[in-house]
Amino acid sequence: MKKHAITLTVNGEERDLIVPSNRTLLDALRDDLGYTDTKYGCGTGECGACTILVDGMTTINGCLTLAATMNGKSITTAAGLARNGHLHPVQEAFIENDAIQCGFCTPGMVLKTISLLDENPRPTEAEIRHGLEGNICRCTGYTKIVEAVQDASRRITGSNVSAIGE
Amino acid sequence: MTENTPPINGDIHRDIRHDSAHKHVAGSADYIDDIPEKRDLLHVCLGQSSRAHARMKSLDLDDVRAAPGVVMVLTADDIPGRNDVSPFAGDDPLFAKDIVQFHGQSIFAVAAISRDQARRAAKLAKIDYEDYPAILTIDDAMAAKSYIEAPQCVKQGDSVAALKKAPIRRRGCFRVGGQDHFYLEGQIAMAEPKEDGDVHVWSSTQNPTEVQHLVAKVLNIPDNGVTVEVRRMGGGFGGKETHPSLFAAAAALVARKTGRTAKCRVDRDDDMIMTGKRHDFRIDYDVGFDSEGRILGLDLKLASRCGYSVDLSPAINDRAMFHSDNCYFLEHVTINSYRCRTNTVSNTAFRGFGGPQGMIAIERIMDVIAHGLSKDPLDVRMINLYGKTDRNITPYGMRIEDNIAPELIAELAETADYKNRRKEITAFNQANKYLTKALSLTPVKFGISFTALHLNQAGALIHIYSDGSVHLNHGGTEMGQGLFIKVAQVVANELQIDIDRIKISATTTDKVPNSSPTAASSGSDLNGMAALAAARTLKDRLTAFAENHYDCPSDQIIFRNNHIYLGDQKISFNQLVHQAYLGRISLSSTGFYKTPKIHYDRKTHKGRPFFYFSYGAAIAEVIIDLLTGENKILRVDILHDVGKSLNPAIDRGQIEGGFIQGAGWLTTEELVFDDKGVLRSHAPSTYKIPTSADRPAQMTINLWNGVNKEDTIHKSKAVGEPPLMLAIAVHSALTLAVANANSNKAEELSALNAPATAEEILSKLI
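Residue numbers (the working numbering), protein chains in the order written: chain B, 14 to 179; chain X, 65 to 830.
Hints are computed from structural coordinates only; laboratory data are not their basis.
It is possible that part of the hints are untrue.
Using 27 Å as the maximum straight-line C-alpha spacing, the simulated DSS-like pairs for lysine-lysine come out as follows [what the hints assert, rightly or not]: (1) K187/X x K15/B; (2) K752/X x K773/X; (3) K258/X x K575/X; (4) K209/X x K365/X; (5) K187/X x K16/B; (6) K696/X x K497/X; (7) K809/X x K696/X; (8) K229/X x K16/B; (9) K439/X x K229/X.
Not close to chain X: a few residues of chain B, all C-beta gaps over 12 Å, as computed [what the hints assert, rightly or not]: (10) K16; (11) H17; (12) L30; (13) K52; (14) D68; (15) M70; (16) N110; (17) D131; (18) R135.
Nothing here was measured: the structure is a model prediction, and the numbers come from that model.
Just so you know, even glycine gets a beta-carbon here, dropped at the ideal spot from N, CA and C.
Next comes chain B alone, as it looks inside the complex (with noise of 0.2 Å):
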């Protein structure tokens, strides 16, 4: 199969790897490069465990992009999110909210919460549970996530937005 050299910068970190075709994302983050915060769940685009954010502010699925296609791209995972040992205020708002129980979906809906959050910054209730229902989560009833959500756009904006049930 033919081989692609390509150079990603993941977390900021300029990383060259050689790749076949028919290698995804997901697997060169994971087995090339060992960035493990992204994780397997389906492999098939439907559970957004491997979600990545891709030059700044969009998501995809790792398990689905093929690494051969993102030469150049400027890569984010959960372990790049922290700025001087602080960590991103999204992630602040899944901790102090409990919105994490088994954790394997989490660095997934974190990401996916900033991209969220970028292109919305003060959602509703309505739009952060369809914006994320790409994401799974099977141990929480979401509930927490939501109001995890809530609060990071309230961190993030400084203002409030609807609780729950609004």
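Fit chain X to the given chain B structure using the hints.
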């Protein structure tokens, strides 16, 4: 002096964050697939049966062996020990030999340099099958009397006579589907060969001890040659109670045969095809009642699909029988339970463990009775509740001593405005032609303890190092439910030290042996008590040392907020520990616990199988579209009993998660097997578990203000499984909505099956 001391950080009965929360958001919490791989690691993939029931006339693996990257291929003939990975019955082969018994059964393992190569090679097997007749459904198995064990019966009073005398009688049948666990982290194991033929296995398992014992049997080495370790799982829900042994044994066998570390990370579709699920049930009832709706007699028939082997099906179906009463007194009742053997994957533990299927049976009966009498179903439920001092014997002969259902239901109905909302819904339904709403309140009473007596035990191990830091270990496993933080809170409270001084460590069979699975909601109850016992031993030793060393009577020695008060003196915990070390005091202890009071005779199905009951109730309001069958949960109100909670934040998480998982089981999660026994819904594209968009827009969860009557860990109650059954309110409400829509055309309540998908609802609208 000590009264005004502030509490320690991480005390019991407080909202304490999950211990790994920070690591989870930062992506630094390692699961098994995240452990750095050895350079020569091999990837293992299992070759599967493509038939439901057949004899393998020939098994040609030459192409598998010749495939690129393949290092080794193993079949049943390569197993040095026992070809079995079953929990006790001896009927789950690691590799099928001669006969295959379900589509997806493991036949061989291939080990290759890469995961991709292993998976591609596994598809190259040439197997010539001679098909045998396959029993696939409950109905087929019932007709053929194909069971995994003899039918069981629980009986109280004389249901035959009571039914004959009853003024009103209803018979009916409905079906309840199974459920895939869909833990986000799929099945995975990694095995590393060690000296002397030993093996170290990292397994995503709720049951490290069972994996250890089965791997040892497969390898034909003693248990002490196998160590099984798990720091955390990405979800379990019962799906990692027995099934991890299959993948762990395959990895261990490859490791042993090749001398290289071997990892078996199972593809999601393979995981769904190869591992068992919640049992689907057929439920038949014959109920007699009076004009008030009081049940006079009940004959209940529960038939479940167990799959090809025994697995845990006997205990699961026993629990279904034990929860067919739910909160209701059944004076004259016969429950017959049929455990059907079919040529499908072996169904297994899933949160609730048969309880949900038993409970939904009696809740359907309540709705049927209410419908027939045109009564509010809540009134029928109330009139049938267990009494406090009489009418309080369960069908299995246990006296209920902790019944809080009447008060709990009344409080929920009051705070959630049940009566008024029912009226509003009636008005809404009269005004709307194509939309119908309904409201239902259903309670939960769930028995806590393993029904297998011997499993109700636990061990813990605590070290205090000479700098005063503490290492905590116990036999329980962490799958996201917050067990580790709860047990750490117990130890922090007992030693009166901040929780961040306590190192939480991976579950491993070389620290605490012979552990029970983390299952049956028992994790905190059992391991919390075992850790408490270990901490008490250490505290007693430190107290005895201090009494002598500081010349202070023991009744004046008080541990409080990282310090020890000795009469007028105050020293730090660290100081005392260091002095005790110099004084040659042992600072390491085990702790052990076994649940008291429980006993049970399986021959007669009588006894006290449960230490206590956890209670709860939910009100669900739903809406259905009469043209399409589409439906939505509009609002949910929950009041749930966790005793005196060790950690209310963690418990709330269990309640909301359990409810939504239960709602998925009963509404959207549909397992479809075709007529060849092939699972057609084996990926999230076709098997629909709830997403955030499915969450009710309004969901209120309150904790019941009470304590456990029994002497459990700081008076708390188990919380893992019971909330799942709160979701029966959703199915009940959907059933009532369909009845509303059909009210002018049908006398009887329609037999809405579960899952109540849009298609199922539409098919019941007339």
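Self-check item: 12 Å Cβ clearance of H17/B from chain X
Solution: Label holds. Min Cβ-Cβ 16 Å, cutoff 12 Å.
Quiz item: Can we confirm that no CB of chain X comes within 12 Å of the CB of K16/B?
Solution: 14 Å, holds
Quiz prompt | Hint consistency between K187/X and K15/B [alpha-carbon to alpha-carbon, up to 27 Å] | solution = Roughly 23 Å between the alpha carbons, so the hint for K187/X and K15/B holds.
Quiz item: Taking 27 Å as the top limit, are the C-alpha atoms of K696/X and K497/X close enough?
Solution: 17 Å, holds
Quiz item: Would the least Cβ to Cβ distance between R135/B and chain X come out above 12 Å?
Solution: 18 Å, holds
Practice problem: Verify that the Cβ of L30/B lies farther than 12 Å from every Cβ atom of chain X, and report whether the claim holds or is violated. | Solution: 15 Å, holds
Quiz prompt | Satisfaction of hint between K229/X and K439/X, Cα-Cα up to 27 Å | solution = 22 Å, holds
Quiz item: Given the hinted pair K209/X and K365/X, is their alpha-carbon gap at most 27 Å?
Solution: 14 Å, holds
Quiz item: Closest CB-CB distance from M70/B to chain X, is it above 12 Å?
Solution: With a cut-off of 12 Å, M70/B remains clear of chain X, as the shortest Cβ separation is near 18 Å.
Quiz item: Do the alpha carbons of K258/X and K575/X lie within 27 Å of each other, as the hint requires?
Solution: 18 Å, holds
Quiz item: Given the proposed pairing of K187/X with K16/B, does the C-alpha separation stay at or below 27 Å?
Solution: Measuring from Cα to Cα gives roughly 24 Å; hence the hint holds.
Quiz item: For the pair supplied as a hint, K229/X and K16/B, is the alpha-carbon distance within the 27 Å limit?
Solution: 81 Å, violated
The structure is inconsistent with the numbered hints 2, 8, 13 and 16, although it conforms to all the rest.
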